Each structure stands twice: as C-alpha cells, then as structure tokens.
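Please construct the entire structure, taking both the sequences and the accompanying hints into account.
Listed in order, the protein sequences are those of chains V and S. The opening residue of the first sequence carries number 84 in our numbering; numbering runs sequentially from there. The opening residue of the second sequence carries number 20 in our numbering; numbering runs sequentially from there.
Treat the hints loosely; a few may be bogus.
Claimed, not checked - Stretch by stretch, here's where chain S covers chain V in the computed footprint (C-beta under 8 Å, at least three residues):
1) 213-223
2) 241-247
3) 298-306
4) 362-368
5) 425-436
Unchecked claim - Okay, derived cross-link-like pairs now, DMTMM-like style, lysine to aspartate or glutamate, Cα gap no bigger than 20 Å in a straight line:
6) Lys359/V with Asp195/S
7) Lys153/S with Asp356/V
8) Lys97/S with Glu134/S
Treat the hints as calculated values from the structure; they're not laboratory data. Values in this document were obtained by computation on a predicted structure and should not be read as measured data. Each residue gets a CB set at the ideal place from its N, CA and C atoms; glycine is no exception.
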Amino acid sequence: MEPAGGSGVHTGLEAPPRRAKLGVPMTRQANAVDFWRGFALVSIFINHIPGLLYEGLTHRNVSISDSAELFVFLAGWSLGLLVVSRNEPMTAPRLVARLGGRAMTIYAAQILISSIALAMLAASAYTLDNPLILEWHNAAAVFQDPALAHIGLVLLTHQLGYFDILPLYVVLMLAAPAIALIDRFARPLLVPMSLGLYLLALIVPFTAPTWPVPGQWFFNPFTWQAIFVLGFALSRPEGLGAVVGSHIRLIRFVALPIVLVTAVLVWFNWFPDPTKLPEPKLLFLNGKSFLTPMRLIQFLALVAVFSASYAYFAPWVPWLCEFLSALGRNSLNVFCVASLLSLLGQIVRYLYNGSFLVDTIVVVCGIGLLWLTAWISEWRDRQKAAV
Amino acid sequence: MERSAKSGGLTVRRSGVAAVAAAIGLASCVAAWAQAVPDKADRVPEPPPVAKECGDANVAAGDLPNSALALQQRRQVKILAIGASSAAVLGLGHDGNPPLLEQILEHSIKGLDVEIINRGVSGELAEAAGQRLKIEVALNHPDLVLWQVGTNDAFAQVSVEAFERTVSNTVRWLKDHNVDVILVGLQYMKQLAKNEHYQAIRKSLQRITLAEGVMRITRYEAMEVLARTLRESGRPEPRDFGLTEAGYNCMAQYVARAIAVGLFVKVPKQAPPPPR
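Here's what the structure looks like:
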C-alpha cells in the first residue's frame, strides 16, 4: 500500500500523475485509484437496480464486502492525496476551509439528486398512473408529510433508499478537517482513535437515527468512518501507510486465503446463525449497516490482493483502464448521475418488465451515459482552463 | 394520487390528524374490550374493530404464541417492522408521537407495553430483507416480526419461485427461533389487477401463508372490496388509497386487529378458504 513518492514495493495505488494535453495540465492519466473508483461506480450503478440480471456479475456475489466499501475507502484514500497534493502543506485554516468546501459540494449534490429523484418518482407515478411508485425508496413521507420530511431531507435524517451513501460521505468530509489535523499534529493517534470509535459503536451499539420516519441510517457513520480513515492513513507515505507498504508481500500472503475462503462462504451462503453468536454480536455478524469486522477485514484483504493487479492487466486492456479511470476522475458527478440512472433503470424495468434484452439496454445505455458525464465534466474543465 | 398531489398540504394534514384521532377514538371505544383482557384462557373476547371507511380487514388466521407468552410474562411485546414501506404498516405518528400501531395497541390492551423497532429499508427485495431480518432478530430479540413483502419483488421482476423460496425459508427460520411473523401483502391497484407478475407474486404469498400457517394482512383484498363498494355506490374509487395518510392509518388498524386476534382469539383448526 505504498503511496506516491515512497520507495520500495509498488502497490498499484500510487498517486496519479497529471497528463499534459495541448500544453494545459489537465487530465490525470489512467491510474489504479481512478480505475478502482470507476469500477466501484459502475458496480454501484448496477447493484442499485434490484433484480437486474447483471447484478449477478458484480463482485459482491463472491465477496462479503461490496462496492460501497470500495467507494468509501477510496474516498478516504483520495482525501489523503488531496492533503499532500500541494508542494507546501496548507495552513490549518486553509485546510479546514478547503475540506469544508468539499463537504458542502457533496451536500449540495445530495440535495440536488434527492430532489430530482423525487420528481422522477412523482412524474412516473402520474405518467404510469401508479401511485405506488410514490412509496418507492422511502419517498412516501415526502409526499404524505412534506413539511417534516423536507426538514429531514435538508438535515440528512431522511434519506431516500439507494440515495444514502452521499449523506455518509458528507458526514465523513465534515470530519475530514479533524482527520487531517490529527494526522498532521498527532498522527499516531488517528487510526487508534478511529478504531476505538468503531469498536465502541459496535459494542454499545449506537448509530445515527433517521427522522421523521423513525429508524437508523443505512450506513452507520460511526462505524463506516473506520474504512474512510484507513483509506486516508494507508494512502500516506508515513505511519500506517509506510508499515503496510514495507510488508505488503507478507500481507498479501495472509490476505489471499481470506479472500478465497470468504468467496466460498458467500457463494454457498455458509454463515453462522446470527442468534447463536456470542455477545456482542456485532463483532461477529456479517452486517453492512454497521460495517462489521468480518466485512472490514475481508475488504482490506481484498484490497491487499487486488491492489497489485492493476499493473498486470493495465497494459492488456488500456481502453478499459482509460474508460473506468475517466469515471473515477469525475467520481462525484458520475456518482450523482449513476444514482439517478439507477432509479430510471428501475422505472424502465417496471415499465417493460425485466428481461435479458431490457436489462442489457439499461446497462449499456447507463454505462454509456456515465462515460458521457465524465467526458462533459472534463470538457468543461478544459474549457475553463483554456480561458 | 390526484387528490393528494393537488390538494394543499394543510388539507392533507388536517385529514391525517382527523384520521389519527378517529383511530385513537376507535381504540378507546374498544378499551372496554381491552380492560377485559382475559387472564383465563377460556374467555375469548372480540378483537378490536377496524374503522368502517377502511373496508373489511381480512386476516388469514393464525396465532401469535410467542407474543402471547411475552404479553403474559412481561406485559410487553417487542415488534420488529421490516420491509419496504414501514410508514404504510405502522401508521404515521405525528408531533413526536409513536407510530399509530403502537398507540392503538397500547390504548386497546390495558397495561401492554409495545416496543416497535422500525428497520424498514425502502426498495429492498425479499432476499436482502430476509438476510437483514435474521441479523435484526439476533440483535433485538423481537417477539413478532411485521414483514411487508412482495411489492418490490413484483416490480423488480423477481421470479415467483425464488420469491417463494426466500420468504418460506425466512418464515420457517423465524418459527424455529420462536418469533411470530405477520406478512403484510401487496397493495391493491386497479392498474395492476391484470399485471401477471404482480398477481403471481400475490398468489405466491397466499400459498406461503397457508403452507406455513402464519398470518397475512390481506390488504389487497380489503382494498379491492372497498374500491368495488365505492364504485358500485357511484362514488369515485380511492385511487390514492394506499398513499394517503388515511390509508396508512387503516393499515395500522388492520395490523393492530391482526395482532389482537393472534394474541387473544382462538384460531379455528380448519384453515379458512383462500381469498378470492
């Protein structure tokens, strides 16, 4: 897990260099971080259309963890790169302002896509003459109790189904200044503090509540912060990142059996009865909302094993690397469009009944539009830079 | 749908509050029944009624032995709500009040403490809900699970066989772990009456109910009867029945009645005829 600028073993997740194009330093070259981020985005798009045939091809069919873990881990990794991306370290106030601004951008994106999603559901309900669609994805409260539900939407305590990752990302980015400052001034404490909070949230247990519909956040921010912080810490050339980088071969040796054994467990659904597990059960369960240790460990093993793979397959499929890296470079825009396209895909499947042909069209058009989103984003950046 | 979308929020809110008040009032009316909750097994009270405007609340027969035991031992029943739209099953609780289902049950059954654990995840298919349900049972030890299931699977074109296998296995797992279950079925929509897959999933849920001997809130049939009654009487059909707050409150009354039936009423040994 060696970051950019380090010496020794290459992990395949080094910091991305920038590519000069027409004299304007703009687009990053295809690289492992952007590639895997693009991979996560495509997986999320597919997995958020329940019942889609191609869901069976995503890696969660042979992995305890799925694309959500990968997305949040790489968000933390990117934060690490962002913090050290300048030649001179930013002052603490500037760092806080920059990361806080990023959190606001993500928050605005969440509000925007939630509003569009609600409009899509309403339009579909009218057009298809099916009011049941207004109940999809936790939208019922917005249409039935709009005053409170809108407060909840703004406070992020009311989240539409499948639109619940960005609220987690907002919270994590709001915590990002604290993470970066602890890393700067008390680095040895960062990971222990994060894991301490993680274990506490599992043992007590506690999570963030939803409102006005009583319930829990699908992604518990107190546990999911651990994977974000680990992504951040592992991206750094010092501390944990340095330790892991220098022992990466040994770690892969240990990680490979974990990946293989858990693949078999998932494939055959060989998990113990959760009621038979000892207390505190969340330490031993396979639960996505709480990112239980089983998922976290398997995910880290998966990263250790597959982080080496990019360097091997990149020369063979450069087009694929370019394609997914383009998505990854523009991850927020692509994620937002992917979320909306997933919803559109569900509506299309309802309308035309899911079949191989319909599902193929949904996936091909959807991924094509994701690429178009990335292309437009970079085209706009180029236009701005050229002015 | 048209009414809820076009009418002002205040009107909707007023009608909602009125519906809540009516439901609570109804619950209070049956308090006499509640206060006569039998300590002796030979007394079989009438279950609480459902408001007339909600139509006929059909409940596929079944008892709730684990919940009844919890009531006897602790005066408390812990209910886990899981499935697509928890508001549609629990009823909306305004101004910080608990869900309507909890209010009705606690008003109806003297001394009963109802704890509702809401773990509904919208858009979730039966397979994912079934896996999550087991985790929630392990963590929260409910006496009763309210599982709203089927609508998402029907819309997502999940095969009937896979759906039936998943739900049956999960229901059996719950029974093996001494947890009662009430299945809340699909909603009635005139537009979906000829949708083959929707109807196939609905019939699949009927089969599971009969095979496993568990309760099912036959929401579809009740809503269908109500729609037909209204149509025959020349009044407009409630196209938005399942969406309005009043609709939710009717659901909460259905479920409250089903729980009361399961807790106190002896179940006939002969299975009832399948709904039309």
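Comparing the hints with the structure gives:
With a cut-off of 8 Å between beta carbons, the segment 213-223 of chain V has 10 residues touching chain S; three or more are needed, and the interface restraint holds. Check on the segment 241-247 of chain V: 3 of its residues sit with their Cβ under 8 Å from a Cβ of chain S, so the three-residue criterion for coverage holds. Residue count for the segment 298-306 of chain V with a Cβ under 8 Å from a Cβ of chain S: 3. That meets the three needed, and the coverage hint holds. With 3 residues carrying a beta carbon less than 8 Å from a beta carbon of chain S, the segment 362-368 of chain V meets the three-residue requirement, and the given coverage holds.
Under the rule that three or more residues need a Cβ within less than 8 Å of chain S, the assignment of the segment 425-436 of chain V holds, with 4 such residues. Restraint check: the Cα-Cα separation between Lys359/V and Asp195/S comes to about 13 Å, which is no more than 20 Å; the hinted pair holds. Taking the CA atoms of Lys153/S and Asp356/V, the gap is near 8 Å; set against the 20 Å cutoff, the hint holds. Using a Cα cut-off of 20 Å, the hinted pair Lys97/S and Glu134/S holds, with the two alpha carbons roughly 5 Å apart.
Of the numbered hints given earlier, the model fails none.
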